[in-house]
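Protein chains in written order, with the working numbering: chain A, -14 to 374; chain B, -14 to 374; chain C, -14 to 374.
The set of hints was computed from the structure by calculation and includes no laboratory data. Just so you know, these numbers come straight off a predicted model, no measurement behind them. It cannot be assumed that every hint is accurate.
The list makes no distinction among identical chains, and a pair is therefore deemed to hold if it is satisfied within one copy or across any two copies.
[To be verified] Derived lysine-lysine pairs resembling DSBU-like cross-links, with alpha carbons at most 35 Å apart: (1) Lys308 with Lys(-13); (2) Lys6 with Lys373; (3) Lys302 with Lys0; (4) Lys229 with Lys37.
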Amino acid sequence: MKIVQKNLSQLAKLKTDMFGKDFLLTWEKTDAEIRALALVAETLSELHRAKKSLRVFDAGLAISIFRDNSTRTRFSFASAANALGLGLSDLDEQKSQIAHGEMVRETANMISFMAEVIGIRDDMFLGEGNTYMREVAAAVQEGFDQGVLHQRPTLVNLQCDIDHPTQSMADLVALKTHFGSLEALRGKKIAMSWAYSPSYGKPLSVPQGIIALMTRFGMDVTLAHPEGYGLIPEVVALARHNAKKSGGEFAVASSMEDAFRGADVVYPKSWAPFSVMQRRTPLLRQGDRDGLKALEQECLANNAKFKNWECDEAKMKLTRGGKALYMHCLPADISGVSCAQGEVAASVFERYRLATYREASFKPFVIAAMILMARVKNYPAALRRLVKA
Amino acid sequence: MKIVQKNLSQLAKLKTDMFGKDFLLTWEKTDAEIRALALVAETLSELHRAKKSLRVFDAGLAISIFRDNSTRTRFSFASAANALGLGLSDLDEQKSQIAHGEMVRETANMISFMAEVIGIRDDMFLGEGNTYMREVAAAVQEGFDQGVLHQRPTLVNLQCDIDHPTQSMADLVALKTHFGSLEALRGKKIAMSWAYSPSYGKPLSVPQGIIALMTRFGMDVTLAHPEGYGLIPEVVALARHNAKKSGGEFAVASSMEDAFRGADVVYPKSWAPFSVMQRRTPLLRQGDRDGLKALEQECLANNAKFKNWECDEAKMKLTRGGKALYMHCLPADISGVSCAQGEVAASVFERYRLATYREASFKPFVIAAMILMARVKNYPAALRRLVKA
Amino acid sequence: MKIVQKNLSQLAKLKTDMFGKDFLLTWEKTDAEIRALALVAETLSELHRAKKSLRVFDAGLAISIFRDNSTRTRFSFASAANALGLGLSDLDEQKSQIAHGEMVRETANMISFMAEVIGIRDDMFLGEGNTYMREVAAAVQEGFDQGVLHQRPTLVNLQCDIDHPTQSMADLVALKTHFGSLEALRGKKIAMSWAYSPSYGKPLSVPQGIIALMTRFGMDVTLAHPEGYGLIPEVVALARHNAKKSGGEFAVASSMEDAFRGADVVYPKSWAPFSVMQRRTPLLRQGDRDGLKALEQECLANNAKFKNWECDEAKMKLTRGGKALYMHCLPADISGVSCAQGEVAASVFERYRLATYREASFKPFVIAAMILMARVKNYPAALRRLVKA
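Build the full structure now, drawing on both the sequences and the hints.
Shown next as structure tokens:
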């Protein structure tokens, strides 16, 4: 519990203003807030390891809205809610039934009468997921302002088209744990690289979340992808800006090998080309199955040109001492295991398999920290109460 | 919290006998019980607004059985259960799998070993929903009497073919709040009117619940509908009887305009003709898709003759001072918003949109009150404990 | 509460080692452990009847994985989890999506960060269900050993291809209650008999669980089935071994009449032939619908030769005094009620209907006892705390 005491004293020095605020994009939070969030998540994890109760609520609902499949984020959210004392209620909307506009305003209020937090995953439609979250936020704000709701629930982005903050924050805590401190990340090279996968249409939010967040801590971030697989330009510009501000570096490479050379950390992961996602959105909306199939074929054929973008032993040898930390948000497409050929060679993945599980293990505590800091004004006092209990 | 103290002292004067009793129809409850229920619901709402815990159970299950789709009632029930300290368990039966008769007796007991309450929505089959609820009630009564169950769970009707008591009670609390007291409802005119909708097969339970309940408080209730869209005759007779007894009035009009003239409150809402629901039940039971489609076509064609039954600005002008309160159980079919032409003009709905949300906001507290009064013998004492905590 | 005090003093004499251990097969537990489990389940049931709280957890998740449909076991698990203070989270995997091997290791850890217990039903694939449970167990053990998980959740077998321990333990408690004590079971004859059903593919786990468990308490167990409907040979051998060791008897009969003669208890229930289940497994895995349909036809045709294997009044007359206790895990195929002709005559079932409900009523408490004994080292002290509270 020494680490908990150290965290609590560090926390006391950080000025944060997260009470009552949604968590939609990491870049809407100050550096101090990100640091505090990491400390709170680590503290909750340590308390849980020490079999301390994390319960701060007597009752209340955590609502989840998953507009895309999810196992691990679903369970992370359920775990965080349960640990804090909230009941989970899932809004099982048919993807088409609840559209944007009028219905969102109404539904958002109807589910929120006793809600403390609403977690949303909406990552299938480029230009829409984050927008939808803000519509829900505006709706419950109006409901609260107009006396419909006794309290305004907090929104947590469980992955949208732009960012995946619970993932990137869990990754940041994993890196902090691996290297010892956030300060130790300064100058460390991380390669966020596209990798080949026999599927298509994976969201851009993970690589975007990583380059936008890691550049804030002085890391040397290299984004690598084949031509045509670029990310949302605004997020790339943001990463560049962040690196400049933090004294880090940001570069774009055109081969996995270039990115891996001398890297301390590698994050090879597939995603769909931005332009394909743009064409996919109207097809999805129109339910145009033939169009989607044709686009998938075209995209898979294009992907297949880059099968050598695999994180194999040869490429791992290029990293610092051949020993870079391999990261992945899971599940990975593992060559010869979960697919014929994919993002990562089986031997590489197996060496880091448990490290990726540990990386994932921070996510429930990151979500719990997001809820705690948004719902409990004096959250350091709440943490101290949990320690003493 | 002044209002809470006032409610509690009013409550002390009311004689109720709801402990261990199901809530299936409002007209099975005495006037004192209805008044007490409204007071308890308001009190719970005020306590929640004041961030007081509503928890009265340490553990226990609230079981829901939804034999028809639902978002808002589902979340209202989940919210009420969670606030009181119960866990939610949904029986996800396939509509056809669990039939009447033998299986109901068994299933009702199998799910009830630790259940405090069972909430059921079964509103698709005229003549069946309420009957099903009574079968479940008889089954758990037998289970309790015969030593299968340690406690007999309470049933709450979350909408059947006859009544929708959680809705009508929430509406009553909304009216009480709007006009200041139940006494203030005396002489106020409410127009419960059929309205055009481009869908068919909507249950009769909302209009039936409204005319049966509001006539008990001296209101001047006018039911309006096109020829052939009458409600269950027994419920219409009951409304007439209630009005006579309470010193209110009950009339049936044949145009929305007639009903709206001078009204203090309007409730324009679509429903299916009684005779169509009667023909629909055997078709649904037999799974006769062609028959259902033909009936739908016939019914929609008939509906279409009454497109002018829309709650528009012109008709609103006919109400008292042009300012009647517009009510709806939601979701409404809003012309030009959720459909081409529907129950209500967009400008009318938008003006009352937040009022309808507030109307809906009472439902979780009404359900919580129903559970509390059925499960806690000395519920006024329980409320006082919540106030003090 | 006298019975509770008696149970607690008996419990004090039993040496058990179940803390942190999975419950996968009854025959992996010592006689003392089985006796203790029965005592704990009965004690929890008595406490619940006396309206005492069974809550021992402040928070924590109970995860369920149902790879086959279930209503009563699902609600029993939910009831047990809720009563102890755990939140329920169901892993709703598509049957095909999460295969064996690599993915199990990962998923098992991803869902377990805050899990106290994982309950699994996987009974469709002969040779696979129990194996899957052990894969999950190995995965969470590795996760705990390697610092991924702060605690290793306990696995509870909610029915596999080999055993159905929550059912057989509930049946044992029911028999103990019926005859007064476990000692009173000595010499009592139980007929575990195959029965005709117009369905096919029912698992073997119930009859296997019954013959393996009841032979440990000196009962005279007769297994009866038509030729070709044998159980897994290893389990039959185990039953024979258990009977020898306990001073009971075990025999295999080839007619329901032979088995019923002089029986104190009859358990007539359908199951699929072992050989059919063996052929079915690869067909299910390959998703070979035509193959499955052909196998079903063949199997139903074979079943139909044994329609006289019905528990009717004539066969019941053969039992001791014509008054044997009829048992069933439910739902039963009742002739003329839930099917044209099935496992049991309507008049027989109706006479014992409430007895079968009471039999089932022990299951939530058996599951709660399994969780309590695996998660709370000094569970007798925990029980004493519940008594005093």
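Outcome of the hint check:
1. Lys308 with Lys(-13): The answer is within: 30 Å in one copy meets 35 Å, while 66 Å across copies does not.
2. Lys6 with Lys373: For Lys6 and Lys373, both the intra-copy (28 Å) and inter-copy (30 Å) Cα distances are at most 35 Å.
3. Lys302 with Lys0: Neither. Shortest intra-copy (42 Å) and inter-copy (55 Å) distances fail the 35 Å Cα cut-off.
4. Lys229 with Lys37: neither (41 Å within a copy, 49 Å between copies)
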